[in-house]
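**Q** Residue numbers (my numbering), protein chains in the order written: chain A, 1 to 319; chain B, 1 to 223.
The set of hints was computed from the structure by calculation and includes no laboratory data.
Any given hint could turn out to be false.
As the list claims (entries may be wrong) - Just the calculated beta-carbon pair ranges, DEER-fashion:
id : chain 1 : residue 1 : chain 2 : residue 2 : range
1  : B       : K199      : A       : P306      : 31 to 37 angstroms
2  : B       : F101      : A       : M303      : 25 to 31 angstroms
3  : B       : F180      : A       : P306      : 16 to 22 angstroms
4  : B       : G189      : A       : P306      : 22 to 28 angstroms
5  : A       : C22       : B       : F101      : 41 to 47 angstroms
6  : B       : A117      : A       : C22       : 27 to 33 angstroms
None of these values were measured; they are calculated from a predicted model.
Built from N, CA and C at the ideal position, the CB exists for glycine as well.
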Amino acid sequence: MAKQSLPTAPFLKVASAPHMHCGTSIKGMMTTILLALLPAAVGAIYWYGMEAVRVMALSIATAVIVEALCSKIMEKEIRIDDFHAVVTGLLFAFILPAGAEWWLVVAGSAATMVLGKMLWGNFGGAPICAIAVGWAFCTVSWPLQMNIDATMLNTTLVNPLSQLKYFGMDAIADASMKEYLMGNQLGALGAVQVGALLLGGIALLVRKVITWEIPVATVAAVLIVGGIYYSIDPELYANPLFHLFTGSTMLAIFFLLPDFTSSPNTRGGKIVFGLMAGFLIILIRTYGQYPDGVLFAVLLANMITPLCDMIKPKPFGAR
Amino acid sequence: MAGMWKEFSKGLWAELPPFRLLLGLCPTLAVTTTAENGFGMGMAVVFVITLSSFIVSLIRKIIPKKVRIACYITVAASLVVAVELLMQAYAYPLYQQLGIFVPLIVVNCLILGRAEAFAGKNPVHLAVADGLGMGLGFTLSLTFLGAVRELFGTGSVFGMEIMGASFEPVKFMVAAPGAFVALGLILAGMNYLSIVQAKRRGEPAPENPSTGCHACRACAGRK
Numbered sequence: 001m002a003k004q005s006l007p008t009a010p011f012l013k014v015a016s017a018p019h020m021h022c023g024t025s026i027k028g029m030m031t032t033i034l035l036a037l038l039p040a041a042v043g044a045i046y047w048y049g050m051e052a053v054r055v056m057a058l059s060i061a062t063a064v065i066v067e068a069l070c071s072k073i074m075e076k077e078i079r080i081d082d083f084h085a086v087v088t089g090l091l092f093a094f095i096l097p098a099g100a101e102w103w104l105v106v107a108g109s110a111a112t113m114v115l116g117k118m119l120w121g122n123f124g125g126a127p128i129c130a131i132a133v134g135w136a137f138c139t140v141s142w143p144l145q146m147n148i149d150a151t152m153l154n155t156t157l158v159n160p161l162s163q164l165k166y167f168g169m170d171a172i173a174d175a176s177m178k179e180y181l182m183g184n185q186l187g188a189l190g191a192v193q194v195g196a197l198l199l200g201g202i203a204l205l206v207r208k209v210i211t212w213e214i215p216v217a218t219v220a221a222v223l224i225v226g227g228i229y230y231s232i233d234p235e236l237y238a239n240p241l242f243h244l245f246t247g248s249t250m251l252a253i254f255f256l257l258p259d260f261t262s263s264p265n266t267r268g269g270k271i272v273f274g275l276m277a278g279f280l281i282i283l284i285r286t287y288g289q290y291p292d293g294v295l296f297a298v299l300l301a302n303m304i305t306p307l308c309d310m311i312k313p314k315p316f317g318a319r
Numbered sequence: 001m002a003g004m005w006k007e008f009s010k011g012l013w014a015e016l017p018p019f020r021l022l023l024g025l026c027p028t029l030a031v032t033t034t035a036e037n038g039f040g041m042g043m044a045v046v047f048v049i050t051l052s053s054f055i056v057s058l059i060r061k062i063i064p065k066k067v068r069i070a071c072y073i074t075v076a077a078s079l080v081v082a083v084e085l086l087m088q089a090y091a092y093p094l095y096q097q098l099g100i101f102v103p104l105i106v107v108n109c110l111i112l113g114r115a116e117a118f119a120g121k122n123p124v125h126l127a128v129a130d131g132l133g134m135g136l137g138f139t140l141s142l143t144f145l146g147a148v149r150e151l152f153g154t155g156s157v158f159g160m161e162i163m164g165a166s167f168e169p170v171k172f173m174v175a176a177p178g179a180f181v182a183l184g185l186i187l188a189g190m191n192y193l194s195i196v197q198a199k200r201r202g203e204p205a206p207e208n209p210s211t212g213c214h215a216c217r218a219c220a221g222r223k
């Protein structure tokens, strides 16, 4: 018998109008994300002052203008009122040092929007997290200006990750996880507001903007892989909680990895994706050239998204 | 004469090698960090492709059909060795810059492609015109790509300062990923141009093969 194809008749029946709308919209989701990012923004202003406001405002303004211009050039409907450009601009500002020069913010934010979002169509097309694209563009182009330790000389905060990288475990011996949670560490301006981001992330989970699989799998992988290194030699490798509470890990877990278009769709795929990302975070931090390689981990994890999407239940009747 | 001009000029725009035919992408991506490197690589390719088209076209009747690829490669390899030795003698700094990519001209698909698709079937004068046109098109494209990357990556073109002192070089453009991004943007620009030209002539725009549900592997395409 010849191989039979699946029945072609629609098995989900759509009733005739009027229909009820559940009320979710891109705009609503983006507003929720913005609200979830608000505590971190406040934290950034508390620790870095008006410098942080300047970077965030510049980044958001550039992102919105670039999206409008690109839509105009592409002869598409201008949809800046869905706030996705605002979220992207704010998230991009969160991974910059507070002392970033204005042209760096403008160029990076524009690159984020053009290379990361608009080139792939508009919202919904990007296979890679736009913010990580912009970060990689800036880090490769201007390593000195993106170096947090080099641009933030006028602060008393300490960057735990470069301490660990260049001075070893002794330098972070008196590290306090509670202080790290409060944001008392030098790093990218929003990404290190760890406690605030954790709050926002939980809010997103509660509001069901993101699902639990990716954050839980990433945290698990960071704890497990970090724990393995820690148990091999606690004098040489940092506590896994340290990796969770420093640098951009928390931002990646709740805001960058579960990015709608660049993460897998299925439950199994999401878990594999999260595990991969967590594994890469520890690996890059342990052996990589950069002190904080979280954004590279995000980029690399995005690469396996199409593979993760193949992990799915068999359709009924398929062989 | 008209036929020769036609074969010569198609390599300059209609079938511009790296941007229209998408052949010879390895040197296109690898050596175009500066306009000068792109130009030097292009000149080496012009030499090899013109002579290889000439020789292949001369001996096309005595090459056995079954081993023609090996014959083409042998011809190209001999010419590339000649280029390599000439570059070592007269342009040693450029040779050092291009490094491994000079010997790799042997396996440049552009040369094999023209030998297989054109020189192996056409008389000598047409084959030479085709080879010269393709080679010059390749040189122009590589020089253009190199100039774009050098302009943004270092702020100068052919070593001449253009952007001014306050410009912070976008090192991304001279790094490896910059080659892919720059090439992709140029290809997009070429496609946009052809859509605009088709519109102006009143023809239907060429269909984009990558839109629609069937193009995505995520769900619909799998059987």
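**Q** Between the beta carbons of C22/A and F101/B, is the distance compatible with 41 to 47 angstroms?
**A** violated, 57 angstroms
**Q** Is 16 to 22 angstroms respected by the C-beta to C-beta distance linking F180/B and P306/A?
**A** holds, 18 angstroms
**Q** Does the Cβ pair F101/B, M303/A satisfy 25 to 31 angstroms?
**A** Taking Cβ atoms as reference, F101/B and M303/A lie about 27 angstroms apart, which means the hint holds.
**Q** Can the suggested window of 31 to 37 angstroms be confirmed for the beta-carbon pair K199/B and P306/A?
**A** holds, 34 angstroms
**Q** Does the Cβ pair G189/B, P306/A satisfy 22 to 28 angstroms?
**A** holds, 27 angstroms
**Q** Could you check the hint for me, namely that A117/B and C22/A are 27 to 33 angstroms apart, CB to CB?
**A** For C22/A against A117/B, whose Cβ atoms are near 57 angstroms apart, the range 27 to 33 angstroms is violated.
Hints 5 and 6 from the list above are not met by this structure, while the remaining hints are.
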